Amino acid sequence: MHVATADSILDSSKEAADQLWEQLSARLGDSPDWIIVAPSVSYDISQLQQTLINHGAKRFHGSTSCLGAMTERGVVNAEGRGIAAFGIVDPDGHYGVGEATLDAAASPEAATCQALDAALNDAGRPGEVPDLIWISAPPGCEERVISELEASLGAGVPIVGGSSADNDVSGQWAQLTQAGVYRDAIVVSVLFPSTELCFAFHSGYEPTEIKGRVTRADGRILYEIDGRPAAEVYNDWTGGVLQDAFASGEQNVLPLTTLYPLGRVVGSVGGTAYHQLSHPDHITPERGLSLFADVAVGDEFWLMKGTRDSLIERAGRVARAAMRTGDVAPGDIAGGLVIYCAGCMLTVQDQMDNVVGHLNDALEGRPFLGSFTFGEQGCFIGGENRHGNLMISVLLLGNTPV
Amino acid sequence: MKQVNEELRESLVELQVQLEHERARRKEGDLLLAGVALLATARDPEAVYAVLVDVLGPLLHFDVAALFWVDDSVLVSMAAEDHLLSGVQLRIDPALQRVLHGKSVAVFDTSKQPAWAAQSPALLGRIRSALHIPIFAGESVAVLICGHAEKGFFTARHTRTAQRIVPMVSAALLSIQGFQLRLESEQQNQAATAIAAHRDLLERALGSVGAGVGYVVSAGLVPLGCTLHEILADWGTPDAWWSHYCSRLELDNTVRIGDVSPVGNRFTHEVTLMETAGDDRLLVIADVTRWVFAEQALQDMNAELVIARDTALSENRAKSSFLANMSHELRTPLNAIIGYAELLSEDAQTYEDMEMVSDLKRILLAATQLLSLIDDVLDLSKIEAERIDMNMTWVDLDSLLEEVRMTIAPAVEQRGNTLRVTRKVSQDSVWADRERLHQVLLNLVSNATKFTTAGVIDIHVVLHHTDEDGDQFAFEVRDTGIGIPADRLEHIFQPFSQADTSTTRRYGGTGLGLTISRSYCELMGGRLMAASTVNVGSTFTILLPVDCPLLDS
Numbered sequence: 000m001h002v003a004t005a006d007s008i009l010d011s012s013k014e015a016a017d018q019l020w021e022q023l024s025a026r027l028g029d030s031p032d033w034i035i036v037a038p039s040v041s042y043d044i045s046q047l048q049q050t051l052i053n054h055g056a057k058r059f060h061g062s063t064s065c066l067g068a069m070t071e072r073g074v075v076n077a078e079g080r081g082i083a084a085f086g087i088v089d090p091d092g093h094y095g096v097g098e099a100t101l102d103a104a105a106s107p108e109a110a111t112c113q114a115l116d117a118a119l120n121d122a123g124r125p126g127e128v129p130d131l132i133w134i135s136a137p138p139g140c141e142e143r144v145i146s147e148l149e150a151s152l153g154a155g156v157p158i159v160g161g162s163s164a165d166n167d168v169s170g171q172w173a174q175l176t177q178a179g180v181y182r183d184a185i186v187v188s189v190l191f192p193s194t195e196l197c198f199a200f201h202s203g204y205e206p207t208e209i210k211g212r213v214t215r216a217d218g219r220i221l222y223e224i225d226g227r228p229a230a231e232v233y234n235d236w237t238g239g240v241l242q243d244a245f246a247s248g249e250q251n252v253l254p255l256t257t258l259y260p261l262g263r264v265v266g267s268v269g270g271t272a273y274h275q276l277s278h279p280d281h282i283t284p285e286r287g288l289s290l291f292a293d294v295a296v297g298d299e300f301w302l303m304k305g306t307r308d309s310l311i312e313r314a315g316r317v318a319r320a321a322m323r324t325g326d327v328a329p330g331d332i333a334g335g336l337v338i339y340c341a342g343c344m345l346t347v348q349d350q351m352d353n354v355v356g357h358l359n360d361a362l363e364g365r366p367f368l369g370s371f372t373f374g375e376q377g378c379f380i381g382g383e384n385r386h387g388n389l390m391i392s393v394l395l396l397g398n399t400p401v
Numbered sequence: 000m001k002q003v004n005e006e007l008r009e010s011l012v013e014l015q016v017q018l019e020h021e022r023a024r025r026k027e028g029d030l031l032l033a034g035v036a037l038l039a040t041a042r043d044p045e046a047v048y049a050v051l052v053d054v055l056g057p058l059l060h061f062d063v064a065a066l067f068w069v070d071d072s073v074l075v076s077m078a079a080e081d082h083l084l085s086g087v088q089l090r091i092d093p094a095l096q097r098v099l100h101g102k103s104v105a106v107f108d109t110s111k112q113p114a115w116a117a118q119s120p121a122l123l124g125r126i127r128s129a130l131h132i133p134i135f136a137g138e139s140v141a142v143l144i145c146g147h148a149e150k151g152f153f154t155a156r157h158t159r160t161a162q163r164i165v166p167m168v169s170a171a172l173l174s175i176q177g178f179q180l181r182l183e184s185e186q187q188n189q190a191a192t193a194i195a196a197h198r199d200l201l202e203r204a205l206g207s208v209g210a211g212v213g214y215v216v217s218a219g220l221v222p223l224g225c226t227l228h229e230i231l232a233d234w235g236t237p238d239a240w241w242s243h244y245c246s247r248l249e250l251d252n253t254v255r256i257g258d259v260s261p262v263g264n265r266f267t268h269e270v271t272l273m274e275t276a277g278d279d280r281l282l283v284i285a286d287v288t289r290w291v292f293a294e295q296a297l298q299d300m301n302a303e304l305v306i307a308r309d310t311a312l313s314e315n316r317a318k319s320s321f322l323a324n325m326s327h328e329l330r331t332p333l334n335a336i337i338g339y340a341e342l343l344s345e346d347a348q349t350y351e352d353m354e355m356v357s358d359l360k361r362i363l364l365a366a367t368q369l370l371s372l373i374d375d376v377l378d379l380s381k382i383e384a385e386r387i388d389m390n391m392t393w394v395d396l397d398s399l400l401e402e403v404r405m406t407i408a409p410a411v412e413q414r415g416n417t418l419r420v421t422r423k424v425s426q427d428s429v430w431a432d433r434e435r436l437h438q439v440l441l442n443l444v445s446n447a448t449k450f451t452t453a454g455v456i457d458i459h460v461v462l463h464h465t466d467e468d469g470d471q472f473a474f475e476v477r478d479t480g481i482g483i484p485a486d487r488l489e490h491i492f493q494p495f496s497q498a499d500t501s502t503t504r505r506y507g508g509t510g511l512g513l514t515i516s517r518s519y520c521e522l523m524g525g526r527l528m529a530a531s532t533v534n535v536g537s538t539f540t541i542l543l544p545v546d547c548p549l550l551d552s
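Keeping their order, the protein sequence lines are chains A and B. If you use numbering that gives the first Met the number 0, the first sequence corresponds to residues 0 to 401, in order. If you use numbering that gives the first Met the number 0, the second sequence corresponds to residues 0 to 552, in order.
Simulated from the structure, these hints should not be mistaken for lab results. Here the structure is a predicted model, which means the values were calculated and not measured. For every residue, glycine included, the Cβ atom is placed at its ideal position computed from N, Cα and C. Relax, there's no trap hidden among the hints.
Here are the computed distance ranges between Cβ atoms for each label pair:
(1) A:GLN46 <-> B:GLN298: 58 to 64 Å
(2) B:ALA23 <-> A:SER247: 51 to 57 Å
(3) B:HIS243 <-> A:ASN120: 55 to 61 Å
(4) B:VAL262 <-> A:ALA328: 19 to 25 Å
(5) A:GLN250 <-> B:GLY415: 51 to 57 Å
(6) A:SER106 <-> B:ALA23: 33 to 39 Å
(7) B:ALA410 <-> A:GLN250: 49 to 55 Å
(8) B:GLU351 <-> A:SER247: 52 to 58 Å
(9) A:GLU285 <-> B:ASP29: 58 to 64 Å
(10) A:ILE52 <-> B:VAL73: 36 to 42 Å
(11) A:GLY364 <-> B:ASP309: 38 to 44 Å
(12) B:TYR339 <-> A:LEU345: 54 to 60 Å
(13) B:TYR339 <-> A:GLN250: 52 to 58 Å
(14) A:GLY226 <-> B:VAL545: 43 to 49 Å
For reference, chain A alone in the conformation it holds in the complex (with noise of 0.2 Å):
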């Protein structure tokens, strides 16, 4: 096994893919089994997938990440712009890239049963249980991805991804593979490596002993809590952080609740409980309140509260804990996957380059390429697989082999 990043600024897209090939093949001094691409919406994502195929790239999967990514070098994002990669020459190991369009399929669930089919296929490994899934969608439809990935796979395999993003949630997001570059695609990699692999899901936020339940939701859009307009018990929740929206109008309240977010508890180790998180992005005419998620009549929400400095140090410490998961030291770590919320990057954006040096602490200079989302995917230290918002996820992956 053996991994490297690459990325690049360059305005051109022809150029800025060029150079993200060039970087990658001196750095791994072989055609990478499998790519993961991270660009900005700034580019021409067409221009980039025939670049990396001309320059016979495989098998890649890309999805848009939202002003730029980062890696081990830094944060590579020059006014919005930037592309990085990730690559794994992996002889031993086997790897699979399918893909299907909501507009194409009959259904979300239609859609990533077929990807899923391509992926195992293209890895020569139809039918075989991978060892994890990597995904990515449009945001919107990943509890229905996940859902359908383990009622077809099984509950026990690990699904990790990110949701496609943009720069301003205008919904310029996209998702490329090689064999083609798509706004609704439902993008999944089958990974069976030749090491072991190693990952970790964890919020940079801790409850507060304020709760409720939904009494009226529908989809994304959380309506009541406790028989209470959910905007109204939300901004009585916070101290009146809406109090400001409601009086001007704004609908929009991204940037005022990413450091209250609504946790639902996933499950609980000896008492001790952990949240799935989602992120109030409007609020709607009847004050309620949309989310990045799913919502259901029933759930139980806590209100949640971090601070900048968690979301600052959370990524090196989410990586952390995957290795201590898997028992492993940062000598034994090719080089890692890492998904981080655009929602968080933007408050802290200012700091990313802190970010940036608490991974390198966590993993001790291995590459890591980390992409900026709107819906994070993971795996809880339980074993339950969930979307959520206000997320980091890990994915490391093992130098030795199995």
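Chain A is already provided as a structure; the job is to place chain B on it using the hints.
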């Protein structure tokens, strides 16, 4: 502090999970070791298959299993209990090639896997997911295939477990092969080679579960393979360990040895000494140091959490102490305001300035309410700061009840209620703090009056008996008022909590009375309980010991 708590919480979760994994590994190890012993008795493939199903069933939870041998380019089922699997042939495709090269392979959907997809629909309906485990017996390879009717049943966890099983099963098969060789052939070298290979595989099997094995012979401890050397590396030679600890061991018993090694490392070994068919004895040493450390770390973590909790409690007491002092500071000027307002009110009445009288009444009412709130906060703060001294004495029941009745009578009449006081205990006095008990009773009767209109309020003193607490005085305060919903009943004892938020607005009160009352009852060695039915009424019961605890002791 917040960050420390957050890290503590996370570390605690991780440690608990690691301990669970460690326990699962140990359980798995125990089952595998038991399997080694059982397989040693098997003398033919059918017997091996039967033992395998018994041993692996609890680990892999399969529905059906079958043993397959390689025949040219196909796998052929040799031993199976389900007739559907008898005689089944699977073409050796790339997935099965990987199995034959030593990798366990899980298939989540047999209908999508090429080798399986060619099988009959009946078989695919019976086996929707499959786990393929390679088994090596000398030169030949067999495959144990476990099936399950549920799609996606087998996962990476199963393949990891299977990978650990491979050496154990292979060792057992080789043992059979070696046995047959010894019977059928006089060629000692061949048998010796088979036995050596057997020992190697046994060693690998035990090594895979963190245990080393060796023979105790007259010359000392002879390790099998290298795991025992690794476990006992701190002693230089296994013999050095043996000579130091052999006196602590008991035949056929597992002994736990915790000590410091010659190079200063703390260790914990679980050691089993077993008799063998010959003169030698078999020694199995499991290094459980890491597991013991993990347990200790969890205990330390819990201790840290206790300290964190105690610190938080101490901070709460400090806060309460501050509040208690502040409340005194607030009461002094407030009493002055009330006093001067009363004087001004008298003057205003003298001069018949009714507008001024009305305004001053408002000031007096608001100030009195504020004083009442401060008094309650003061009481609660004293309780939380543990600065309250109870003056326990024998309290005359009749005079206490009469005093309560007299005090509350005007309020009871004002709302058209009837108050009844009954005493059905032979004892004349109760061991309590008179002032506090009076305050609690007054609070309960006052609440009953507030929430009842044109109804009946009973103060009933009886003897209450339970197996757990024996006889206790029960002061029951019953009303026929609005009642409290069941889901709010326990909350009413929380500070600043009433049955619903509108209650305070409608009925007044600080929301601290019941919190304080319950604390007082507990400080007097008793309890305060509530039962209620909406629109029927509520009953609050003070339970106090019949005897003076000091006299008892």
